[in-house]
Every structure is written in structure tokens, then in C-alpha cells.
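Engineer: In case you want the letters, here they are:
2 protein chains.
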Amino acid sequence: MSKTDAQFMEMAMTAAKVAAEEGEVPVGAVLVSPMGNVIAMAGNSVESDDDPTAHAEMRVIRLAAKTLKSPRLLDCDLFVTLEPCAMCAQAISLSRIRRLVFAAYDPKGGGVEHGARVFSHPTCHHRPDVVGGLMETDAGVLLKDFFATKR
Amino acid sequence: MSKTDAQFMEMAMTAAKVAAEEGEVPVGAVLVSPMGNVIAMAGNSVESDDDPTAHAEMRVIRLAAKTLKSPRLLDCDLFVTLEPCAMCAQAISLSRIRRLVFAAYDPKGGGVEHGARVFSHPTCHHRPDVVGGLMETDAGVLLKDFFATKR
Numbered sequence: 073m074s075k076t077d078a079q080f081m082e083m084a085m086t087a088a089k090v091a092a093e094e095g096e097v098p099v100g101a102v103l104v105s106p107m108g109n110v111i112a113m114a115g116n117s118v119e120s121d122d123d124p125t126a127h128a129e130m131r132v133i134r135l136a137a138k139t140l141k142s143p144r145l146l147d148c149d150l151f152v153t154l155e156p157c158a159m160c161a162q163a164i165s166l167s168r169i170r171r172l173v174f175a176a177y178d179p180k181g182g183g184v185e186h187g188a189r190v191f192s193h194p195t196c197h198h199r200p201d202v203v204g205g206l207m208e209t210d211a212g213v214l215l216k217d218f219f220a221t222k223r
Numbered sequence: 073m074s075k076t077d078a079q080f081m082e083m084a085m086t087a088a089k090v091a092a093e094e095g096e097v098p099v100g101a102v103l104v105s106p107m108g109n110v111i112a113m114a115g116n117s118v119e120s121d122d123d124p125t126a127h128a129e130m131r132v133i134r135l136a137a138k139t140l141k142s143p144r145l146l147d148c149d150l151f152v153t154l155e156p157c158a159m160c161a162q163a164i165s166l167s168r169i170r171r172l173v174f175a176a177y178d179p180k181g182g183g184v185e186h187g188a189r190v191f192s193h194p195t196c197h198h199r200p201d202v203v204g205g206l207m208e209t210d211a212g213v214l215l216k217d218f219f220a221t222k223r
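Residue numbers (my numbering), protein chains in the order written: chain Y, 73 to 223; chain B, 73 to 223.
Take the hints with a grain of salt, since some may be wrong.
[Said to hold, decoys possible] Simulated crosslink set (DSS-like; lysine-lysine; CA at most 25 Å straight-line):
{"#": "1", "chain 1": "B", "residue 1": "Lys138", "chain 2": "B", "residue 2": "Lys75"}
{"#": "2", "chain 1": "Y", "residue 1": "Lys222", "chain 2": "Y", "residue 2": "Lys89"}
{"#": "3", "chain 1": "Y", "residue 1": "Lys89", "chain 2": "Y", "residue 2": "Lys180"}
{"#": "4", "chain 1": "Y", "residue 1": "Lys141", "chain 2": "B", "residue 2": "Lys222"}
{"#": "5", "chain 1": "Y", "residue 1": "Lys222", "chain 2": "Y", "residue 2": "Lys180"}
{"#": "6", "chain 1": "B", "residue 1": "Lys216", "chain 2": "Y", "residue 2": "Lys222"}
{"#": "7", "chain 1": "B", "residue 1": "Lys138", "chain 2": "Y", "residue 2": "Lys138"}
{"#": "8", "chain 1": "B", "residue 1": "Lys180", "chain 2": "B", "residue 2": "Lys216"}
[Said to hold, decoys possible] Covered, in the sense of this in silico footprint (three residues per stretch, anywhere, with C-beta under 8 Å from a C-beta of chain Y), are these stretches of chain B:
{"#": "9", "segment": "115–127"}
{"#": "10", "segment": "136–143"}
{"#": "11", "segment": "154–160"}
{"#": "12", "segment": "183–193"}
[What the hints assert, rightly or not] Sample of chain Y residues lacking proximity to chain B, with all beta carbon distances greater than 12 Å (derived):
{"#": "13", "residue": "Pro106"}
{"#": "14", "residue": "Ser120"}
{"#": "15", "residue": "His127"}
{"#": "16", "residue": "Ala220"}
Hints were generated in silico from the structure; no laboratory data involved.
Glycine included, C-beta positions come from ideal geometry on N, C-alpha and C.
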């Protein structure tokens, strides 16, 4: 039986917690196949990988594309604990992801419901179905706790 | 003596031509250090790497960050033969690149002067200086020729 959205988001939360333990901004993501199997799971690793593009979403997209041997992740779904930034949103569009489910909204850095609103322009070639706010309280607490320890 | 903008763009054009020979959309990029040295040079490799994020700009940013052992490319400049998409524009912002010089404008896929206009939002944390249109005719011809052979 396929997992529920909440179960996939729990997995993304786990990846976010691992990232926090490594001193990274705690964001985690899971990429799910059309059959409902997890193809990739990763946390943000910008600092530890010396890679400004290593957001959790980018990492699962790259991992899944390698695994599926295709740059297009047709009918795949992405679960992430924070609203994607414009970089990740455009990568989601480029990889033809079917559905994006995110937890916390990000008024400062988000590029889906805020800022660049990548999917809202007529030139956007592919728009996923978007669900925001699933388990946003849990994801928000994780981020808040992380930044509290940094101050 | 440091190279001129046109010389760096010539190098990016060379990377774009190599990409075309490999069946990739011909876009090339060069990342230049604050001292004016080329740190990374790469072409688009989306298809050959099975990586939807492997645009030329992303590749040179990732390569340069690894080389400099830092996710922030302070005072570095990026030369690319096509206006960056929203993914690449946000990566440029995240990596704190000082100056972006691009050749051809991209009304359909661009995210700097078109579409998401990533640098134009109040929430954009870092905006590079932007120069568009340098050697745009040459870059445009390369892209046009490539797509002509695909039809």
C-alpha cells in the first residue's frame, strides 16, 4: 500500500533533522515515483558540500534523475519541508515533477507563493500541482529552533 | 593582464559549441575569480548527465564552489551565452556572484529580464550587476542553428 502524503512528509522531516545535526539549515526532501516508492531522500547540504545549489530539493531531483537515467521525472512527486526557492521551483518545473507538497511557507526566501512566484508566469513551461502547508507547524518549529541556536 | 569581457564570453561560446557537438542545447558558461582568472568553464549537459539541473551556469557555480571550498563565490563574475533561467538566476544570487554577463536574451525561458525576473523582487537577498546582450548575435546564431537541425 502506498504511503500517505503525511508519511512522505515525515520522511522529509527526518532528513531535515539530520541536516540540522550537521549544522545545515534544516530542510529535507523526498522524491516519490509514480508507483509511490521513495526514489531519493536528502537534506540540505550547502555548507558541508561547499555547494550553493545543494538545497534538499535539488539533491533529490539530481539523485532521482540519475537513478531513473532521465533528466525528466515524469509523474514523480516531491515532498519538502520548506517552500522551495526560485532555484528549486524552476528545477521542479524543468524536471516535469507532477506534484509539489511543501510544509512551511517561506515569505523571505520562497519562490512559489512568494517573491519570484516561478510557476505563475505565462512563460513557465510546466507547473506542478502545488500543496502548501502540510505539517507546517512541525517544520516551522524545526527551523525556528535551529536559527535560535545560531544567535 | 586580465582578459576582457569579450574574451571571457568567447570562452563561454567555445563551451557552448562543445555542448552542441554532444547534442546538448548549446549554452556555455565561464566563472571568473576576483583576480580575473577562469575558475570553471562548462557547457550545458542535461541530457548526457541525466541531470535536469545541469545548465552551464549551475555547472560552473558548483565547480567553482568546490574549487574555492566555499558555497559563496564572493566577487566572482559569471559569463554565459544565454540569459539564465530562474533556477540559474537564483543560484547566482545564492552564491553571491558579483557580476553576471550574458549574451542572448531568452524571452521564452529567461528568468532575469523575462518571466520570473528573479533579481527584481524585494525578497531577493543578493543582486549581481547584470550586463545583457554581449555578443548576443553570435550566441543567437549558435542556438538557432542547433534548433534548426533538430526540426
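Engineer: With reference to the structure, classify each hint as holding or not holding.
Structural biologist: We went through each hint and held it up to the structure:
no., hint, result
1, B:Lys138 <-> B:Lys75, "23 Å, holds"
2, Y:Lys222 <-> Y:Lys89, "15 Å, holds"
3, Y:Lys89 <-> Y:Lys180, "21 Å, holds"
4, Y:Lys141 <-> B:Lys222, "22 Å, holds"
5, Y:Lys222 <-> Y:Lys180, "18 Å, holds"
6, B:Lys216 <-> Y:Lys222, "50 Å, violated"
7, B:Lys138 <-> Y:Lys138, "20 Å, holds"
8, B:Lys180 <-> B:Lys216, "14 Å, holds"
9, 115–127, "holds (count 8)"
10, 136–143, "holds (count 6)"
11, 154–160, "holds (count 4)"
12, 183–193, "holds (count 7)"
13, Pro106, "17 Å, holds"
14, Ser120, "10 Å, violated"
15, His127, "8 Å, violated"
16, Ala220, "21 Å, holds"
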